[in-house]
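Novice: Chain by chain, the residues:
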Amino acid sequence: MTSLFSKTISLRKDLKISDAEFAQLRDFIYAQSGIFVADNRKYLVENRLATRLKELNLKSFSEYHAYLQYDAGRRQELNRLFEVITTNETSFYRNPPQLKVFQDMVLKDVLDKQRAARQKRLRIWSAGCSTGEEPYTIAIILHEVLRTELSTWDIRITANDLSEAVLAQAREGVYTDYSLRTTPKEIVARYFTPDGANFRIKPEVKRLVAFGQINLSDRMMLKRVERSHIVFCRNVIIYFDDEMKKNVIAAFYDNLLPGGQLLIGHSESLHNISRAFRPKHYPGAIIYGKEE
Amino acid sequence: MADCKDLCQRLGSDDTDVLRDAAYEAGESGCVEAVGHLARLLCSRNLGVQEAADRALRKIGGKEVVAAVKPLLRSDDAPTRNASMDILRAVGVQDFPTLIELLHDADPDIRIFASDILGSTDSRLAVAPLCEALLKDHEVNVRYQAAVSLGELAFADASSCLGKAMEDDEWVQFAVIEALAKIRDASSVGALVKALDRSSDLVASMIVDALGEIGNIKAVTMLLKRMDASPEVLRNKIVKAVVRILGGKALSLLSAAERERFREYLLAALADDEEDVQDAAVSGLGSVGGEAAATAVLAHAARIDRDRHPERYEHAVAAMREMGLTEALGRALREGGDARRMVALDVLAALPCAACSGLLMDAFADLPEEMRPAAAHALAAIAGEEAAAFFLELLGGDDEALLLEAVSFLGGKLRLPAAGEAVFALLGHPSAAVTEAALDACVAIGGEGLDARFREMFASDEPMERLMAVYALGKMGVRDHMDVIRSALSDEVPDIRKIALEALAEMCGHEEEGLPLIVAGLSDENRDVRLAVVELLGGCDSDKIYPYLEQALSDTDDWVRIRALEALGNRGERDAVPRLLELAGEPSKLVALKAVEVLGEIGGPAAFEGLLRLGAGDDPELVAAVEAAIARLRDEQGER
Ligand SMILES: C[S@@+](CC[C@H](N)C(=O)[O-])C[C@H]1O[C@@H](n2cnc3c(N)ncnc32)[C@H](O)[C@@H]1O
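Chains as they are written, first to last, in this note's numbering: chain C, 1 to 292; chain G, 293 to 932.
Do not take every clue at face value.
Calculated pairs, DSSO-like style, for lysine-lysine (alpha carbon to alpha carbon, straight line, at most 27 Å) [claimed, not checked]:
(1) C/K246 to C/K120
(2) C/K223 to G/K351
(3) C/K54 to G/K510
(4) C/K59 to G/K881
(5) C/K16 to C/K42
(6) C/K185 to C/K206
(7) G/K510 to G/K474
(8) G/K297 to C/K223
(9) C/K120 to C/K100
(10) G/K517 to G/K486
(11) C/K108 to C/K120
(12) C/K280 to C/K120
(13) C/K108 to C/K206
(14) G/K767 to C/K59
(15) C/K108 to C/K185
(16) G/K456 to G/K474
(17) C/K100 to C/K206
(18) G/K355 to C/K246
(19) C/K16 to G/K881
(20) G/K351 to C/K246
(21) G/K881 to C/K54
(22) C/K42 to C/K59
(23) G/K456 to C/K59
(24) G/K428 to G/K517
(25) G/K510 to G/K456
(26) C/K16 to G/K351
(27) C/K206 to C/K113
Honestly, the hints are just simulated from the structure, not real lab data.
Produce the complete structure using the sequences and hints provided.
Specialist: So, in structure tokens, the structure goes:
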């Protein structure tokens, strides 16, 4: 009834966010998550949150700010807020050309080196993993490449995100065909079991991935992540301002083992962010390498 | 954070991880002693270390950093050199004398670097030395860089030396023109205009652009004079510059002959390859007007991809409107393709003119179906009574967009009683948007007929219908419908109770009839209803409501209490102070902070004293709020 009502008659005037309130909320979000909400997203924030404020019966965005700090429901609200300001958009086999470079060059290279050093150990970090499509895709690729040899390797994919909600879905491991729209049919057949209209990721894939909550703006938290051969952080740093980008990329650099490699989203770049990595250009992808 | 000595030691390590960490901390803690080490690490072959040192040096800043980084400008290693340049761009201003000294270095490369860095200092002090370099340095690249930097600084004092530099090499001239354009000062105009006559076409076209950007009227005569003798591309640029400088209005001040001549140039410029030239021509044509101009601009607007360039499209439409009702519009509606028709509709939507609504109604039936909503929208925006019959007919249709236009026109704009029944019938429409619009239209139209209809509707079993009825009857006059409102106050659906309460708002001061009904809602089981009551009381202009607000302060819901607090604050209720002081000690932070804020709002000796006592508490957030409240009271005292 309430929802029906609010659709039918708009009792309250539209809630507007003032510049001062926007700055207040932006600083709060930044302090909580490192996500920098650019000025041009002001109206988006206003739009998306106005309904929420009405549901909570709040009168202004500064009240919402107080709510986020002090109300008994603030923890849950914070998660909702993050869902509003971030996009969790992701899919299996997102950006196939980049993944091909990952499979044929980056991964092959690391595996060969590890074999040569008689160390069948591999650590991959998926930072900003959203609902799990990315780390599971990596796990599937590992199965595809190593096949039966996989059981002789010690492998872990650490997958982190800020949002508990997306992590819960990731752990669940059930996906619609929309998430699988760019995934080859035979891969779907091999690594998923149908679950009604949906698809459930198989346990042998799931086993390789460990999910956990992390806030990329928390330097200490990042330092505790096990060091990796490869870091994926795709379509995440777009939310950050330059200072935060620099910090996060520096943390990846520190996390990577010598010779390690970083993959970022195809629309992202480290230009003006970091000169520490050596970019390697492949058809369809740039891979950033740390020196040996 | 580690201490500085320790950091310096760690900066001597050969483990890259240790180095990066130490550099980071040195930067964060501003450890000046580490600067020497960091400068050394800037030359490290390890990129990770180099970068960490770079960041730290920027963070630390100051003379020491400038001094330590300066020698690296001479490094043979390009990355090191670039890094030191970048750092000096960021912190160089903190040691000006060193930068000036570099500007006189024997090595021209260093002088170029120094000019470049001075351009990022944002300091007026950099103008004189850069001007000297611009006019006296014998290396052309130094002069070029000096001009670029003067533009970056954009201080007007640089105009005169830049003007002198227009005698220099063409290569330097480019930079000078750009710099003058950035300075945008009247003093730059003279220098540019003077140079216009003896310049090559290439330089002239840059000057013309620059003059347009500066926008100073002094340049116009010169520009017009140059027009006839110029090749087409340059001529179009001049058209653009003149339009930019004069703006629309002043163009109509040109003499008739001049205007005729200029219109031809504008029409030609509409076909230029560059979009901003086209846009300028559109503005110009909009103000000189005429059929030829209208036809050309309309055709031009129809060619613009409005999804990709909405602002260019709007611009052309605005120019069309400036020209008023032209034949071109009617022709486009009657015989144009879709794109031209759309332009005509968009123009007409905000072109109030006597003949315009007739034009739209005549064309309506022959328009393709998907364009009719836009036509109806345009018509609704500009028409009056004469379109009533037209829209009444639309009410019989089933196109949602057309219905919305008709409902808001007949109800909101005309308030036409004859439309009442038909609009009321739409309350059952499946589209929520249509129902909502129809409800508002009914309220606007009003009258006995609709009144009876809504009363009937209130007896419905459908909550949605009862809700609409209460809403409408409340808006159409509470006093005439007290029986309905009263019964709605005990409806089983909370939203209906809320609407009924809101309808009573205007009667809140009425002690016998209004107030008792309203405050009964304070014990409603539904929190949103109670919130509505408190909000209503807060907005009520009556001296009888204090006890009820006080009652609400003991509500079980924090936000009900907060709203009650706010209401007390707005009313400046001094009697509430003791209770507020109590609430300031509440475990609920939200309530406590609000109570403190309200104490600051209400003021008075008791509040002030109470606040002082609260300020001695040990919850930092609360204490901060108390301090803010006290400061507010002090300010207000001061103002008196
Ligand atoms: C668009 S998704 C990208 C998912 C996946 N990497 C991909 O490329 O398909 C971005 C994710 O970054 C997460 N994120 C944003 N800010 C974060 C932060 N400060 N710490 C951790 N994760 C963050 C969001 O929660 C979201 O799930």
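Novice: Hint by hint, note whether the structure agrees.
Specialist: Here is what the structure says about each hint:
{"no.": "1", "hint": "C/K246 to C/K120", "verdict": "32 Å, violated"}
{"no.": "2", "hint": "C/K223 to G/K351", "verdict": "22 Å, holds"}
{"no.": "3", "hint": "C/K54 to G/K510", "verdict": "56 Å, violated"}
{"no.": "4", "hint": "C/K59 to G/K881", "verdict": "18 Å, holds"}
{"no.": "5", "hint": "C/K16 to C/K42", "verdict": "10 Å, holds"}
{"no.": "6", "hint": "C/K185 to C/K206", "verdict": "19 Å, holds"}
{"no.": "7", "hint": "G/K510 to G/K474", "verdict": "17 Å, holds"}
{"no.": "8", "hint": "G/K297 to C/K223", "verdict": "24 Å, holds"}
{"no.": "9", "hint": "C/K120 to C/K100", "verdict": "22 Å, holds"}
{"no.": "10", "hint": "G/K517 to G/K486", "verdict": "13 Å, holds"}
{"no.": "11", "hint": "C/K108 to C/K120", "verdict": "13 Å, holds"}
{"no.": "12", "hint": "C/K280 to C/K120", "verdict": "25 Å, holds"}
{"no.": "13", "hint": "C/K108 to C/K206", "verdict": "22 Å, holds"}
{"no.": "14", "hint": "G/K767 to C/K59", "verdict": "23 Å, holds"}
{"no.": "15", "hint": "C/K108 to C/K185", "verdict": "24 Å, holds"}
{"no.": "16", "hint": "G/K456 to G/K474", "verdict": "17 Å, holds"}
{"no.": "17", "hint": "C/K100 to C/K206", "verdict": "21 Å, holds"}
{"no.": "18", "hint": "G/K355 to C/K246", "verdict": "25 Å, holds"}
{"no.": "19", "hint": "C/K16 to G/K881", "verdict": "25 Å, holds"}
{"no.": "20", "hint": "G/K351 to C/K246", "verdict": "13 Å, holds"}
{"no.": "21", "hint": "G/K881 to C/K54", "verdict": "22 Å, holds"}
{"no.": "22", "hint": "C/K42 to C/K59", "verdict": "18 Å, holds"}
{"no.": "23", "hint": "G/K456 to C/K59", "verdict": "61 Å, violated"}
{"no.": "24", "hint": "G/K428 to G/K517", "verdict": "34 Å, violated"}
{"no.": "25", "hint": "G/K510 to G/K456", "verdict": "19 Å, holds"}
{"no.": "26", "hint": "C/K16 to G/K351", "verdict": "37 Å, violated"}
{"no.": "27", "hint": "C/K206 to C/K113", "verdict": "25 Å, holds"}
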